[in-house]
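S.K.: Chain by chain, the residues:
Protein chains: 2
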Amino acid sequence: MYIGIDLGGTNIAVGLVDKKGKIIQKASTPTLRHRHWSEIIRDMVILTHKVTAAADKNLADIKVVGIGIPGNIDNENGIVVRAANLNMVNVPIAEEFRKYIDIPVNLENDANAAAYGEYFMQDPHRDNFLMVTLGTGVGGGIVIKGKIFRGFNGAGGEIGHHVIHEGGEKCACGRLGCYEAYASVTALINQTKKKMALCSDSLMHQWAQQNGAINGFTAFDCARQGDTAAIEVRDKYITYVSEGIVNLINIFQPETVVIGGGISFEGETLLAPIREFVKKHEFNKQEPRTQIEVAKLFNDAGIVGAAMSAKKQKFL
Amino acid sequence: MYIGIDLGGTNIAVGLVDKKGKIIQKASTPTLRHRHWSEIIRDMVILTHKVTAAADKNLADIKVVGIGIPGNIDNENGIVVRAANLNMVNVPIAEEFRKYIDIPVNLENDANAAAYGEYFMQDPHRDNFLMVTLGTGVGGGIVIKGKIFRGFNGAGGEIGHHVIHEGGEKCACGRLGCYEAYASVTALINQTKKKMALCSDSLMHQWAQQNGAINGFTAFDCARQGDTAAIEVRDKYITYVSEGIVNLINIFQPETVVIGGGISFEGETLLAPIREFVKKHEFNKQEPRTQIEVAKLFNDAGIVGAAMSAKKQKFL
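Chains U and G, in that order, are what the protein sequence lines are. Each residue of the first sequence is one higher than the one before, counting from 1 in the numbering used here. Each residue of the second sequence is one higher than the one before, counting from 1 in the numbering used here.
Don't read these hints as lab results, they were simulated from the structure. Treat the hints with care, since some could be wrong.
A pair counts as met if it fits within one copy or between any two copies, since identical chains are not told apart.
What the hints assert, rightly or not - In silico DSS-like pairs for lysine-lysine, Cα to Cα no more than 27 Å straight-line:
1. 312 x 147
2. 145 x 312
3. 50 x 285
4. 170 x 311
5. 63 x 285
Quantities reported herein were computed from a predicted structural model and do not represent experimental measurements.
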């Protein structure tokens, strides 16, 4: 058995995972990210005991603990180099965890872990695999020949931070025109708001009132009801998402691209136009070509990926 | 000993290469690309005999033949799937070559081979390595943990075909705004011509008359002489090149990026502003960071890379 821990800015989620990637038990607790890191690790330990006991297992049954963390990792030494949202700088997480439970600990960047989880649960496994997560930002992970690709310094895979519109929208990273500034849900919400300001008769105003806020589904929902402004927002957003996906396909030629994040719940509404755009615009026009799918594990991807990548302990 | 063959649209270049990547002998002949592929292969065979004899060696001394080809390769079966400039579709190059000389043959895409050559000659070897070639187009190759990265179908690494300006300049691939449409020498020449049309008093007009044509050095040369219009063209071009390099660094975090192609003869004139731009704009702000250099092998990279990647026969 394996423990997979998804350490997020909001929650700590811990799962007991079998060798096939199935979650046997899981439990979570708020991260309370402003407290000292040693307290966060103690909660990880408590949850590890909890899920193990709930499954009638012992700590001796656990081979390795994998922890997915939103930041830069020194995998070799089990150190979080920097995790801005958690106020962690050079934190020896592995060492601290093992003071309580002496089992090997493997750290992984959270986006890489989630990508590995989605990769691992594909049947059959795919040779090269790319995950694009459309969330508050645009994250991603790359699996090449079954190994997580991390770059020479562990900071690779920042697919959200490639400029698709030079001199364009300001990105949180400081550059102008990053993919994230066009294809994240944050960007979609901005695009929705801008259009609403121009179209006072759009159904989106009504929708926002009924739902209490504008979110990533505002344009998609109203487009389904035929609202012209909403259709324009949705279609333009999907074009932005697609441009970045074609870029990544031209560079990586992965066997599969998986799209994750809340917006992936839109399923075929999102996938069908992306597939059409990619087919038309990608550089390679010969079979075999990349398949595009939506994520399957959603919130469990981090737990499964942290556990299964720790099991393999393989990265490029 | 190894044979490296660089099959281009203009010339066939064949080299006898030692295990350290040093070219012992080389010879070339025009490709005459409109003739039948069997004649092209026969010339490769003749040149292989020629360089081997010139070095007082026998065919028995040659362990493997590597051929770099501008197209899609089926490496496993030794077939050129498609090489548009050579009118080759599903050509069994390896089999045909071995009718004359029965030595293992390894095919590689020419850009990948050149990148591998530059990688191989780095001292010490770098963990992750990326080459960007600024030529008629923008090509490139990626070496990860010493292996050429090719994508699941062999068509990966098309770094020139990622959009950096959505809806922008038309690219030869059909998309709008590709890196190639801004950072290739072809693009630089277009940028130079546009500026010259607007600035009739620019020194670039005089330069073009003296040199018989506008080329990739027009703006760089005139900028060195203080011509304002030329400085603007040069600096904007370097910004385009840099944007793409930051994109690729954010995605790959290679230990080294090497810039090749004729424009790389500009050396520090090109490198210094690129390094400054990258330092300012790249996502990762912590050491260690990517080093940026110019290519060292120039025209020999294809021969050396074809030979040395065939020696290793390793790819991802």
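S.K.: Work down the list of hints and note, for each, if the structure agrees.
M.R.: Structure-based check of each hint:
Taking the shortest alpha-carbon separations for residue 312 and residue 147, both the intra-copy value of 9 Å and the inter-copy value of 21 Å come in at or below 27 Å. Taking the shortest Cα distances, residue 145 and residue 312 sit within 27 Å of each other both inside one copy (13 Å) and across copies (18 Å). Taking identical chains as interchangeable, the C-alpha atoms of residue 50 and residue 285 are never at most 27 Å apart, the minima being 52 Å within one chain and 39 Å between chains. Taking the closest pair of Cα atoms, residue 170 and residue 311 never come within 27 Å of each other, the shortest separation being 39 Å inside a single copy and 47 Å across copies.
With identical chains, the CA atoms of residue 63 and residue 285 are never at most 27 Å apart, being 45 Å at best within one copy and 35 Å at best between copies.
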